[in-house]
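Engineer: Using the sequences provided together with the hints, build the complete structure.
Spelled out from the first residue to the last, the chains are:
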Amino acid sequence: MAEDRIERETLIDAPPDVVWGVITKPEQIKRWFSPEVELDLQQGGEAAFIFPEHGHKIEARVVHVDEPRAFAWRWIHVEAPELGAANSTLVEFTLTAEGEGTRLRVVESGFTEVEWPPERDAAEVRAAHIEGWDRHLGDLDALLGASEGVAS
Amino acid sequence: MRGATLERPAQEEGDGDGLWAAIGEPSRRRIVDVLLVRGESTPSGLAADLPFTRQAVSKHLGVLDRAGLVEGRRAGREMRWAIRPERLDAATKEMRAVADSWDRRLRLIKEIAEQIHAEQQQGKQSKEKEQR
Numbered sequence: 001m002a003e004d005r006i007e008r009e010t011l012i013d014a015p016p017d018v019v020w021g022v023i024t025k026p027e028q029i030k031r032w033f034s035p036e037v038e039l040d041l042q043q044g045g046e047a048a049f050i051f052p053e054h055g056h057k058i059e060a061r062v063v064h065v066d067e068p069r070a071f072a073w074r075w076i077h078v079e080a081p082e083l084g085a086a087n088s089t090l091v092e093f094t095l096t097a098e099g100e101g102t103r104l105r106v107v108e109s110g111f112t113e114v115e116w117p118p119e120r121d122a123a124e125v126r127a128a129h130i131e132g133w134d135r136h137l138g139d140l141d142a143l144l145g146a147s148e149g150v151a152s
Numbered sequence: 153m154r155g156a157t158l159e160r161p162a163q164e165e166g167d168g169d170g171l172w173a174a175i176g177e178p179s180r181r182r183i184v185d186v187l188l189v190r191g192e193s194t195p196s197g198l199a200a201d202l203p204f205t206r207q208a209v210s211k212h213l214g215v216l217d218r219a220g221l222v223e224g225r226r227a228g229r230e231m232r233w234a235i236r237p238e239r240l241d242a243a244t245k246e247m248r249a250v251a252d253s254w255d256r257r258l259r260l261i262k263e264i265a266e267q268i269h270a271e272q273q274q275g276k277q278s279k280e281k282e283q284r
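Protein sequences appear in the order of chains A and B.
Take the first sequence: its position 117, counted from the start at 1, is 117 in this note's numbering, and no numbers get skipped.
Take the position in the second sequence, starting the count at 1, then add 152; the result is the number in this note's numbering.
These are computed hints drawn from the structure, not numbers from a lab.
Warning: the hint list may mix true and false statements.
Unchecked claim - Simulated restraints on C-beta separations:
#, chain 1, residue 1, chain 2, residue 2, range
1, A, Glu-53, B, Ser-179, 40 to 48 angstroms
2, B, Arg-218, A, Glu-67, 37 to 45 angstroms
3, A, Gln-43, B, Ala-227, 53 to 61 angstroms
4, A, Glu-27, B, Thr-205, 19 to 27 angstroms
5, B, Asp-252, A, Pro-26, 21 to 29 angstroms
6, B, Ala-234, A, Ser-109, 24 to 32 angstroms
Unchecked claim - To spell it out: a stretch of chain A is covered by chain B in this simulated footprint if at least three of its residues, at any positions, have a beta carbon under 8 angstroms from a beta carbon of chain B; those stretches are:
#, region
7, 22–29
8, 50–60
Glycine included, every Cβ here is placed at the ideal spot set by N, Cα and C.
Structural biologist: Here you go:
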């Protein structure tokens, strides 16, 4: 990983409009991300991903909506009054029709622009951030484990 | 960075953030790469190997030093710098954790979308049967 970004993609056997629904409808986002989701699906719209069992809430802002091709948000990594490049990273989804399916690509970038505070408290908050997602998604993985072989 | 066996000093635990910012920047990655190959080098030596000025190299080394990724020792007029492998290992692990999280999320998105699509196709087929 030589650059300031993480890129991942997958080929899905479903058309872009179906994939679009899964990544933008709160009731679907709940199935692959946080148990509670607030999302105002428009440019500048506010969003929040809430993990009640860990008492954790990740605030975000929608920065791009182009149905059914592109969806992007910035999410906050560091507590701050205003969301900006210094406290958030950018998550961009791109959907491309491929045959009868969809290539879904996600890029998370901007890690080096974030002014991570030096004090230990903030570092721990962020570590909990990542662990919280992993734990929750680990649970979901276990639940969905039976169908995993079929889908992947 | 497999095989790094040194313990991370206690005061540095949980301090993954500075690491990330330090190593995510492409120019600094190149300095890290050269230091890994050479084992130890001076700002002048690094500037000779890379398309950066000695001043730029020193600036990047400063960031890497503050993140604890490199350590320097004075040798004559210049500092000699080397990688701290245990810290580099921590930084790469953290980046891998975020990448793994996205792999998991994409796998779930794929499963959910394919399930919805399959159900829609089945619904369409049974409707067509009814019409026949």
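Engineer: State for each hint whether it applies.
Structural biologist: To see whether the hints hold, each was checked on the structure:
In this structure the supplied range 40 to 48 angstroms holds for Glu-53/A paired with Ser-179/B, their Cβ-Cβ distance being about 41 angstroms. The beta-carbon spacing between Arg-218/B and Glu-67/A, approximately 44 angstroms, falls within the hinted interval of 37 to 45 angstroms. Judged by the Cβ atoms, the range 53 to 61 angstroms given for Gln-43/A and Ala-227/B holds: they are separated by roughly 55 angstroms. For Glu-27/A and Thr-205/B, the hinted distance range of 19 to 27 angstroms is not satisfied, since their beta carbons lie about 55 angstroms from each other.
Separated by about 25 angstroms at the C-beta atoms, Asp-252/B and Pro-26/A satisfy the suggested range of 21 to 29 angstroms. Distance hint check for Ala-234/B and Ser-109/A: the Cβ-Cβ separation is about 30 angstroms, which falls inside the suggested range of 24 to 32 angstroms. Here's how the region 22–29 of chain A fares: 3 of its residues keep a CB closer than 8 angstroms to some CB of chain B, so the rule of at least three is met and the hint holds. Counting residues of the region 50–60 of chain A whose C-beta sits closer than 8 angstroms to any C-beta of chain B gives 0, which falls short of three, so the coverage hint is violated.
Violation of the numbered hints given earlier is confined to hints 4 and 8; the remaining hints are satisfied by the structure.
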